[in-house]
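If you want the building blocks of each chain, they are given just below.
2 protein chains.
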Amino acid sequence: MKMIKGCPSTSMDDYQLNHTTLIRHAARNFPEREVVYKTAKGVERYNYQEAYHRIKRLASALEQLGVQPGDRVGVLDWNSRRFFESYFAIPGIGAVLLQLNLRVSPDELAYVCNHSEAKYLFVDESLLGLAEELAPKLNKVSAFVLMTDKKPEELKTSLSPVFHYEPMIQSSSADYEWPILDETSAYSACYTSGTTGRPKGVYYSHRCIYIHAMMYAIYGSISCRDSLVQLVPMFHAQGWGIWQSAVFMGAKIVLPGRYSLEDTQSIIELMTDEKMTLTNGSPALFTPFLNHIKQMEEKPDFEGARIICGATEPPLSTMKGWRDLTGAEFIHIYGATETTPICLCNVLSPDLEERLSDDEKWELMKKQGIPVTGLDVKLVDENGKEVPRDGKTAGEIMVKGPWITNSYYNDERSQESFADGYWKSADAGTIDENGYVKIVDRYKDLIKSGGEWISSVDLENAIAAHPAVEEATVIGLKHPKWEERPLALVVKMQGEPQSNVTEQDIIDFIAPKFARWQLPDKIKFVQTIRKTSVGKFDKKKIRNEYANEFIKP
Amino acid sequence: MKMIKGCPSTSMDDYQLNHTTLIRHAARNFPEREVVYKTAKGVERYNYQEAYHRIKRLASALEQLGVQPGDRVGVLDWNSRRFFESYFAIPGIGAVLLQLNLRVSPDELAYVCNHSEAKYLFVDESLLGLAEELAPKLNKVSAFVLMTDKKPEELKTSLSPVFHYEPMIQSSSADYEWPILDETSAYSACYTSGTTGRPKGVYYSHRCIYIHAMMYAIYGSISCRDSLVQLVPMFHAQGWGIWQSAVFMGAKIVLPGRYSLEDTQSIIELMTDEKMTLTNGSPALFTPFLNHIKQMEEKPDFEGARIICGATEPPLSTMKGWRDLTGAEFIHIYGATETTPICLCNVLSPDLEERLSDDEKWELMKKQGIPVTGLDVKLVDENGKEVPRDGKTAGEIMVKGPWITNSYYNDERSQESFADGYWKSADAGTIDENGYVKIVDRYKDLIKSGGEWISSVDLENAIAAHPAVEEATVIGLKHPKWEERPLALVVKMQGEPQSNVTEQDIIDFIAPKFARWQLPDKIKFVQTIRKTSVGKFDKKKIRNEYANEFIKP
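The listed protein sequences derive, respectively, from chains H and F. Every letter in the first sequence is one number past the one before it in the numbering used here, and letter 424, counting from 1, is 424. Basically the numbering used here = 1-based index in the second sequence + 553.
Treat the hints as calculated values from the structure; they're not laboratory data. This one's a predicted model, so the numbers in the text were calculated from it and none came from an experiment. For every residue, glycine included, the Cβ atom is placed at its ideal position computed from N, Cα and C. Among the hints, erroneous ones may be present.
Sample of chain F residues at the chain H side, in silico, Cβ under 10 Å [said to hold, decoys possible]:
id: 1; residue: Ala593
id: 2; residue: Pro644
id: 3; residue: Leu691
id: 4; residue: Thr893
id: 5; residue: Ser902
id: 6; residue: Gly944
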C-alpha cells in the first residue's frame, strides 16, 4: 500500500527514540531507587544514580577500547548488574549488544558470534571456561572483557587480549556525553534457536525497544512503586524487556544472578525480602515455585503483585494457587524472539467480565489473549485467508507492527518466515468471537483429519497426564482416507508397576477430553523419543521415521 | 550534535505510527465498550464498534467530498460524538483536523481559519450562528458540513455550499480501507492564543500524538476498566489527549457535550451515573464541583478515580476535599499547547514517600512534578545556564522531546520561542533537589530585585485571598537601587464594609507568607485592572502605564 504524506507537522519528529533515554530518566528522577543484584557473595544493592555513573564510565571505556558504532559486542552472563550496565553502555554508544544464550551448545554460540561478526566478548568470571572453549572457534573477536569482582591478577585465563571490566570503568570518565542515535540503528541482537537449522538473527532497533518498553509499562501497569524480580534471562529476547519498562518508570529492579530450578527457596526469599510486586517467567518456573510455597508454613504476601507469564500456557492450578496462597495475579502473554516479545496479552474486558461466570473467566485466562494495541495480528489458513473468529478453526498466527522483526539478519531463510509484510509465527492458534487467541500447536504439527484440525499438543498433554506415562508425543501421518491421522509415541514411567499400562488404558484415560475422531489411531510404546539439541521433540524426524504407518509406501 | 547510524536493525522500523491504529484496536478488541455522549436530548450511548463503522463511513464521505491529504478541515463543536468521530476520520485520510477554540473571538477564529487555509468547516447545529458570522471572513473555505440530528430541510442557513453530516455518512460505505500515513504528517492543528499578538499554529504529527497517547496511558495508569469523563474541550490541545489514551486502552469514554460552570449538578450526575474513574480539567472546574459536592447529602463515590488536573496549581483544599469526600485522587500535571500537552507529572517516588511527612507530601503535590520519561526539560537563567536544583532559583522552563513543537506553522515569531532545539515555555519555575519543578510565574513577569527573584503570581494569590479584595495583580517596575520592585494593583470588593481596607492591612495580611524584601513597595487601589481579550491581566500594558512609578522619567 502506498504511503501518504500529508501536511508537514511542527512536531519534533526528528527527536530519536534512543534506549539511553530510559536510564537518563531514571537516574534523574529516581536517583535513589534501588537496583538489587545477587552474586555468589550474597545480595548487594546500589541505586539508579550509581548505576548511571558506572554506565557512563563504561561507555567512555568502550570508546577507549576502540568499539565503533555498529560493532557487535557479545555478552556471556547471568542476570547481573554488569549485564544491566552493558545493556545501556554498549547500545548507548551505537554498538550492538549480542545476546548469548547460555542454554544452547557451545557450537551454536560460536556460530552466533561468527555470524554476527562479534568483535568483542564480555565474559562473567563464572563463564570463563565456556569462553575459553569458544575462543578458538571465534573468527572476529579481537578482545575479551572479563567481568569479576576479583583483581585481574587473581584470575588466570587463556583468553587474549583480555581487559578487565572494573579497572576499565574505574579509570574512565563519568562525563560521557551520549551521541544521538538514528532510532533505526540496531540496539541488540538475539538469535532464535529453532528446532531445525542454525539460529537466526533478530536485530532489534532502538525504536523497537523504546516503543516496546512503553507497551510493557502499559500492559503490565508498571509504575515507580513496583519492585521487579527479573527472572527471565537477559540473554534471551532481553529477558522479555520488562526490566526496560521498569527503568522507564523508575521502578526497583532485582537481578537474581545465576540460579536454577533447585534454588527455589532462595528465589522465593529474594522475592519476599525485596517486596516483589512484579516478575516474569514461564510456568516451568512458577509451578515448582508454587509447590515450594505450598510447603511453607508462613506464605509470602504478594498481594497486588503481577506475574507476567509466557512461553507455555500456565496451568489453572498454578494461577489459582499463586492467587490463593500469595495474592499474586497472573498476566498471561504470548510472544517470541521476533516480537520483542509482547504480542498477545490476556486483558479481561469489563464487558466480558460482567457476562462470564468465574469458571468461564478462568478458562479465558488460559488463552494467550488479545493483540496489544499497535500490532496487526491475523490467523490465516494455508491459502492465506483469515480463519473465522469461532474459537475452533486453527490458523497460523501472523504479526506486524513497530516492534516486530521484518527479516532475519543476513539470512536466506527470511523468505520462508515473512509474507505480505507480516512475520509468520509458525504457531497455530484459534481466535474467538471476542478476539482472544489461543495457541493450539506449532502450525506444522497440527494434524489435518477429514478437513478438521487436531492439536498434537493437546493430545500430548492429555496423555502425559496419565500417571504411568513418562513422556509422550503425537504426530500427524499421511492417511489414505482422512488425509492425516494422529499417532502417539509413549514412554512408560520406568520401574513403576503401572508400566503394564495398555494402549486402551491410555485411550480410555484421555477419551473424555476429546471428540472421538480426535483420538490417536494408534499408540506406540517406545523406549525414547527423538529430541532436538534444545530438548524439543524432533517431530520432523519422527514423522519421517513413521511416515508409512497408515499408508502403504 | 551529529546523529550516528549504527548497524541496521531487522525491526519493522518503517511501520508508521498512525492515529487510526487506536480506534482500529478498540473496535477490534473492545467492540462493546461504550462511548457515552450527552446532547440536548439527554444522555445517549453507542459502542466502539458502532463508532468505528460511522468513522469509516465518514472517511469515505470525506473522500467523496473531495478532501485531500494535507487539507485542513476546521471543526466547530463541543465534546460530542461527531467531534470524536471527526478526530479519527479527518486525520485518518491524511487531512488535518483544525481545532477551533470557542472561547476566542470570532475575529481570532477567522484568523486561524485563514492562516491555516482551512478548506472545509464542520459546524455543530448549536454553533450555526457563529459559523454564519465567520463565513464572510473566510478566504479558503469551499464547503461547510452541518452536524445535527435534524433533517436537512429543518435547518435554514446562509452557509453555502452546505453538506449534512448524517446523510453523508448514511450514504457512504463502511468498507473504507485506511491509507498508511507517513507518521510525520500533521494530524491536527491547534492555535495558541497568547496574551499578545495573533494565535500561533501548532501542527501535531501522527507520531507525536501516538507516543503522547502512550505516555498518558502510562502516567494516568489508564486501562480498559476505566471510564473517562472528558471535560477538557476537544477544541483545545485535543482536550489534552486523554481520550486518545482511553481509546488506546479500550476504556469507556463519556463526552459531556456543551456545558458550563453552571451545569455542576448535571456533570456530577453524569460522573456518578457513568461510574467515572478518570477525568481531566483545571482547578477552575474542580473547585466549584467540590463546593457542590459539599452540599450534597449523599456524596458520590469515586474511590480509586484519578483527576488529571492542570492549567493552574490545584489548591490543597480542593485536592484534599475530593479525596476525603469522594475518594478521588489528583494527578497534578503541567503542559501547554506546544507540549501536546503532557510535560511534567507529579509522581511520588517511593523513596520520597518514605521520607516525607503527610504535610510535606501535600506540599509536594502542589508542585507540577517531574519531567515524564522521554522529555528533556531544563530551567535556564537569562544567560541560558541551568539554574541550581535548590527549589528556589527561578529559570525559564525549556523542553524538547518527541511530542514537543519545534516551530510555529508558517510564522516568523518562531525564532523568539525556540532555541538550541528546545521550546521556550516562557514559564518561570524552580526545580528542587529531587527534580520536582514548580511554576512560579510567567518568565517575563518575574520581578528581579537585588539579584533575587520575586514571583508576581505568588503575591497576587496571597493578596487575592484577603476577604476585602476582588482581584489583584502585581508587576515589577524599574527601580533605581534594586533593579526592579513590585507594585500591586488591587480592586476592592464592591459594596462590602471591608472596602475600607488599607494598604497596610493588605501588607500585614500577606507578610507572614513572604520575606520582607519580597513584599510590594506600594499597593494602589484601582477601579479595574486592564485585561487581554482572553481575560488575563495585560501585564505588558500595565507595566508601560506605571513604568515611572519608582523612577524619575
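Going through the hints against the structure:
Annotation: interface hint on Ala593(F) violated; nearest CB of chain H at approximately 29 Å, more than 10 Å. The criterion of a C-beta within 10 Å of any C-beta in chain H is met by Pro644(F), whose closest approach is roughly 8 Å, and the hint holds. Because the smallest distance between the Cβ of Leu691(F) and any Cβ of chain H comes to about 18 Å, over 10 Å, the interface hint for this residue is violated. A distance limit of 10 Å between C-beta atoms decides the matter here; for Thr893(F) the minimum to chain H is near 8 Å, and the interface restraint holds.
With 10 Å as the threshold, the beta carbon of Ser902(F) comes within range of chain H, its nearest partner Cβ sitting at about 5 Å, so the hint holds. Because the beta carbon of Gly944(F) sits about 15 Å from the nearest beta carbon in chain H, more than 10 Å, this interface hint is broken.
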